[in-house]
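Q: Chain residues, written in single-letter form:
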Amino acid sequence: MRLTPTQMAWRAAQDITDGAYVNLGIGLPEMVAKFQPPGRKAIFHTENGILGFGEAPEAGLEDWDLINAGKKAVTIKPGTAFFHHADSFAMVRGGHLDVAILGAYEVAETGDLANWSTGPKGVPAVGGAMDLVHGAKRVAVITDHVTKDGQPKLLRRCTLPLTGVGCVTRVYSSLAVIDIEGGQFVLREKLPGLSLDALQAVTGAALHVQGAVADLIVPEL
Amino acid sequence: MRLTPTQMAWRAAQDITDGAYVNLGIGLPEMVAKFQPPGRKAIFHTENGILGFGEAPEAGLEDWDLINAGKKAVTIKPGTAFFHHADSFAMVRGGHLDVAILGAYEVAETGDLANWSTGPKGVPAVGGAMDLVHGAKRVAVITDHVTKDGQPKLLRRCTLPLTGVGCVTRVYSSLAVIDIEGGQFVLREKLPGLSLDALQAVTGAALHVQGAVADLIVPEL
Amino acid sequence: MDKTVTDPAAAVAGIADGMVVMIGGFGGSGAPIELIHALIDRFIATGHPKGLTVINNNAGNGHVGLAALIEVGMVAKLICSFPRSADPVVFTEAYLAGKIELELVPQGTLAERIRAGGAGIPAFYTPTSFGTDLARGKPVEVFEGRSYVQERWLKADYALVKAHLGDRLGNLTYRMAARNFNPLMCMAAAVTVAQVSRIVAPGEIDPEAVITPGIFVQGVVQIANPAQEETLNRAGARYPEVAK
Amino acid sequence: MDKTVTDPAAAVAGIADGMVVMIGGFGGSGAPIELIHALIDRFIATGHPKGLTVINNNAGNGHVGLAALIEVGMVAKLICSFPRSADPVVFTEAYLAGKIELELVPQGTLAERIRAGGAGIPAFYTPTSFGTDLARGKPVEVFEGRSYVQERWLKADYALVKAHLGDRLGNLTYRMAARNFNPLMCMAAAVTVAQVSRIVAPGEIDPEAVITPGIFVQGVVQIANPAQEETLNRAGARYPEVAK
Chain A
106 MRLTPTQMAW
116 RAAQDITDGA
126 YVNLGIGLPE
136 MVAKFQPPGR
146 KAIFHTENGI
156 LGFGEAPEAG
166 LEDWDLINAG
176 KKAVTIKPGT
186 AFFHHADSFA
196 MVRGGHLDVA
206 ILGAYEVAET
216 GDLANWSTGP
226 KGVPAVGGAM
236 DLVHGAKRVA
246 VITDHVTKDG
256 QPKLLRRCTL
266 PLTGVGCVTR
276 VYSSLAVIDI
286 EGGQFVLREK
296 LPGLSLDALQ
306 AVTGAALHVQ
316 GAVADLIVPE
326 L
Chain B
106 MRLTPTQMAW
116 RAAQDITDGA
126 YVNLGIGLPE
136 MVAKFQPPGR
146 KAIFHTENGI
156 LGFGEAPEAG
166 LEDWDLINAG
176 KKAVTIKPGT
186 AFFHHADSFA
196 MVRGGHLDVA
206 ILGAYEVAET
216 GDLANWSTGP
226 KGVPAVGGAM
236 DLVHGAKRVA
246 VITDHVTKDG
256 QPKLLRRCTL
266 PLTGVGCVTR
276 VYSSLAVIDI
286 EGGQFVLREK
296 LPGLSLDALQ
306 AVTGAALHVQ
316 GAVADLIVPE
326 L
Chain C
154 MDKTVTDPAA
164 AVAGIADGMV
174 VMIGGFGGSG
184 APIELIHALI
194 DRFIATGHPK
204 GLTVINNNAG
214 NGHVGLAALI
224 EVGMVAKLIC
234 SFPRSADPVV
244 FTEAYLAGKI
254 ELELVPQGTL
264 AERIRAGGAG
274 IPAFYTPTSF
284 GTDLARGKPV
294 EVFEGRSYVQ
304 ERWLKADYAL
314 VKAHLGDRLG
324 NLTYRMAARN
334 FNPLMCMAAA
344 VTVAQVSRIV
354 APGEIDPEAV
364 ITPGIFVQGV
374 VQIANPAQEE
384 TLNRAGARYP
394 EVAK
Chain D
154 MDKTVTDPAA
164 AVAGIADGMV
174 VMIGGFGGSG
184 APIELIHALI
194 DRFIATGHPK
204 GLTVINNNAG
214 NGHVGLAALI
224 EVGMVAKLIC
234 SFPRSADPVV
244 FTEAYLAGKI
254 ELELVPQGTL
264 AERIRAGGAG
274 IPAFYTPTSF
284 GTDLARGKPV
294 EVFEGRSYVQ
304 ERWLKADYAL
314 VKAHLGDRLG
324 NLTYRMAARN
334 FNPLMCMAAA
344 VTVAQVSRIV
354 APGEIDPEAV
364 ITPGIFVQGV
374 VQIANPAQEE
384 TLNRAGARYP
394 EVAK
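Protein chains in written order, with my numbering: chain A, 106 to 326; chain B, 106 to 326; chain C, 154 to 397; chain D, 154 to 397.
One chain only, chain A, in its complex shape (with noise of 0.2 Å):
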């Protein structure tokens, strides 16, 4: 029993205030968009240049001057505004964005995240995930709570090349929220039929608990 990735989007995104300035990861934080709650607006921003874009356009209208940072179509809406690259990351670098959402290789009890590469091998990429880390006035993290092989995600050290240092505030993982304070992880949420020693279990660092863990309820989506 885990959380779907829709479900954690679903989960992000009730913490995501009216009229927040917000940047959504490639992938799976993208859907984060998708489930604002009712009276809540966001303004979505775009590496590369877009404040306020809307949803992807019908299959067939896509523009291909009109995407995202992850090379899919959106479309404009009302009050977007288009401006260039180092306009755009002066708005990241600078402070201006409320939150960033970001997928995750590993996550620090430090707040460290890892999620540009995997090692040696391959083909490094960093885009600007390194920029939204050391920007955006909150970052949080969307993860699966394990690797596909069982291992732990959430670490007492990184293992991985970092992002960044002491970044993360916030993890959304399929099984848990939990809160990273004072080099702590502090656990807000959890599922309901999920004990405390079970979640440990998988867990790469120690969980602590202040106060009262809520139960993490997500609608079927």
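I should point out that these hints are in silico values taken from the structure, not numbers from a laboratory.
Any given hint might turn out to be false.
Chain A is nowhere near these chain D residues, computed Cβ spacing over 12 Å in every case [said to hold, decoys possible]: (1) Ile197; (2) Arg237; (3) Gly284; (4) Asp286; (5) Ile376.
Computed list of lysine-lysine pairs in BS3-like fashion (alpha-carbon distance at most 25 Å, straight line) [as the list claims (entries may be wrong)]: (6) B:Lys146 <-> B:Lys176; (7) C:Lys230 <-> B:Lys226; (8) C:Lys291 <-> B:Lys176; (9) A:Lys176 <-> D:Lys230; (10) A:Lys177 <-> A:Lys146; (11) D:Lys230 <-> A:Lys226; (12) A:Lys253 <-> A:Lys226; (13) B:Lys226 <-> C:Lys252; (14) B:Lys182 <-> C:Lys291.
Reference listing, derived: stretches of chain D covered by chain B, where coverage requires no fewer than 3 residues with Cβ under 8 Å from a Cβ of chain B [as the list claims (entries may be wrong)]: (15) 267-279; (16) 316-327; (17) 347-356; (18) 360-369.
Beta carbons: idealized from backbone N, C-alpha and C, even for Gly.
Given the coordinates of chain A, assemble chains B, C and D onto it according to the supplied hints.
A: Just chains B, C and D now, kept in the frame of chain A:
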């Protein structure tokens, strides 16, 4: 017998090639724009964010959102572009201007320029001069050859606070045209009636002669 | 989300004693006169805010706008490039009397320091001012055989800017050379308030034509027929009006 | 002054062996496909230019544009942030075979280094990459209690960019997100050549709407119906065409 400010401006204008990007300092240098030789069109830059602006409007037709660095009203013409101050000084500092022509309190044979402060008394003001002297590909000065008291303004070393170090390469004075090469004043042109000795007598550093010295001949203006 | 602010008084209500305030404009072009005057009104009424550090290219002209802000005694320090004007008497007297501190910055360095503040760049190197009094005490480094001066970012608590069109998301356009420092200051302040000639609906500004994207703007207030400093000065205006 | 260039071949004729060439675009948006293909044509015909250092955000996709430039063997080194794509086989094979050098740069740092090159800023500090492998060997300095990495400017001999409208003075506009790195690269190259969909008369571009002022552009060539990388790749295109 010496050139008027207008005549100095005329002489400086003769060295500006067609299509050159030019910044003219506040005051006397601004007059250079009026004397472009037939068939040549320079493109004028002003620090406050206009490229390719036109002449002053008729009195009464000023738009005070359309001014030059001297806060005088200008006009647009086909091909004008507006931009903000950081882009404007990217043009300056990034070496994109072909020529900057400035006024001077003092110029040294080293190419040092002093044109922003007459010392600790009064209110200092620097504007864009310090950026221009290190940005434009060619930095020239228009100046009376001597001060109102008859003292040399072309010196071995500047005595006033510097605007820039080793930046000036040509001086259009009221008596001569002088290049600065290898830390020396090299005389290129002088008024026809003026002897070399007489010119040297009002110059605060040695004038060197390499090849012919041409007559500095300008029209009545 | 609606960043519209009802009036200039509300727009400047959050500016507190001792804050750093960037004020847009180059001379009168792009100067947010009505916002500055609203700030003066508050000071006249309440004695606050005072002890401000103001960042502007100039130091005011005549007895309106920035000059008036200085004249009523609200400005402790001015960071600018060119504190001269047609009528610089207010700043000149305050400066020579030791009533106001001046940090003089070359104009391009001023622009770049403000952009750096907005872009998360704490320091950069420039050839400008190398070997001059204005580089004194600053680190110097040689890159590719040439000497450069290290300069630091500038940030502000507030930016007061003047734009042309604005929408309720904060997207802005400017009018001709009134653009100048305004877009940079929007980036570099924790709170930016823009006075605009007209508030339009989102979408009325072409996405290609947006100069300042709304992410850099926290408040937009409409001033339909903004005063122009040059016009006020030619009419001999003073703020606050002496006759009051 | 007329910066119009008659055709893509003439536009790229000055690019010599070993030069540093910036190529605009983010993926296919804003990629100057026709200029790249003209450069390939020259190489096929003459064996030059070769040994190029190319700066682009990506590393090509499929077998057209930048991927084709790499595939024919013209690129010795690539400076980019994200050498992955839907079909990255060309770069991947060249890289894993040791035939091409890669300098990987975070995307915001890449943009800022290019802007710095254009703006005369030889170095700046950024928080990006601090504590990571990509900061290795770079100076680190602490400002206001936080650590930053010193990064250097990037300049180029040539920039090949794609714009929307251009006039003979070199003023340019772009189309939506095809703007991306293009305006920055215009600033940072000794010679910038822009392919535009339409050359218009000076004045037809509103002075407020100019994104790249002509001072940053040395040549403008009209390509009325530019190819789009995504469309070419969906059609399985290759350059040069294999059938030739």
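Q: Each hint needs a verdict: does it hold in this structure or not?
A: Okay, the hints, checked on the actual structure:
no., hint, verdict
1, Ile197, "holds (27 Å)"
2, Arg237, "violated (5 Å)"
3, Gly284, "violated (4 Å)"
4, Asp286, "violated (5 Å)"
5, Ile376, "holds (14 Å)"
6, B:Lys146 <-> B:Lys176, "holds (23 Å)"
7, C:Lys230 <-> B:Lys226, "holds (19 Å)"
8, C:Lys291 <-> B:Lys176, "violated (31 Å)"
9, A:Lys176 <-> D:Lys230, "holds (24 Å)"
10, A:Lys177 <-> A:Lys146, "holds (21 Å)"
11, D:Lys230 <-> A:Lys226, "holds (19 Å)"
12, A:Lys253 <-> A:Lys226, "holds (19 Å)"
13, B:Lys226 <-> C:Lys252, "holds (16 Å)"
14, B:Lys182 <-> C:Lys291, "violated (42 Å)"
15, 267-279, "holds (count 6)"
16, 316-327, "holds (count 3)"
17, 347-356, "holds (count 3)"
18, 360-369, "holds (count 7)"
Violated hints, in rising order: 2, 3, 4, 8 and 14; the structure is consistent with all others.
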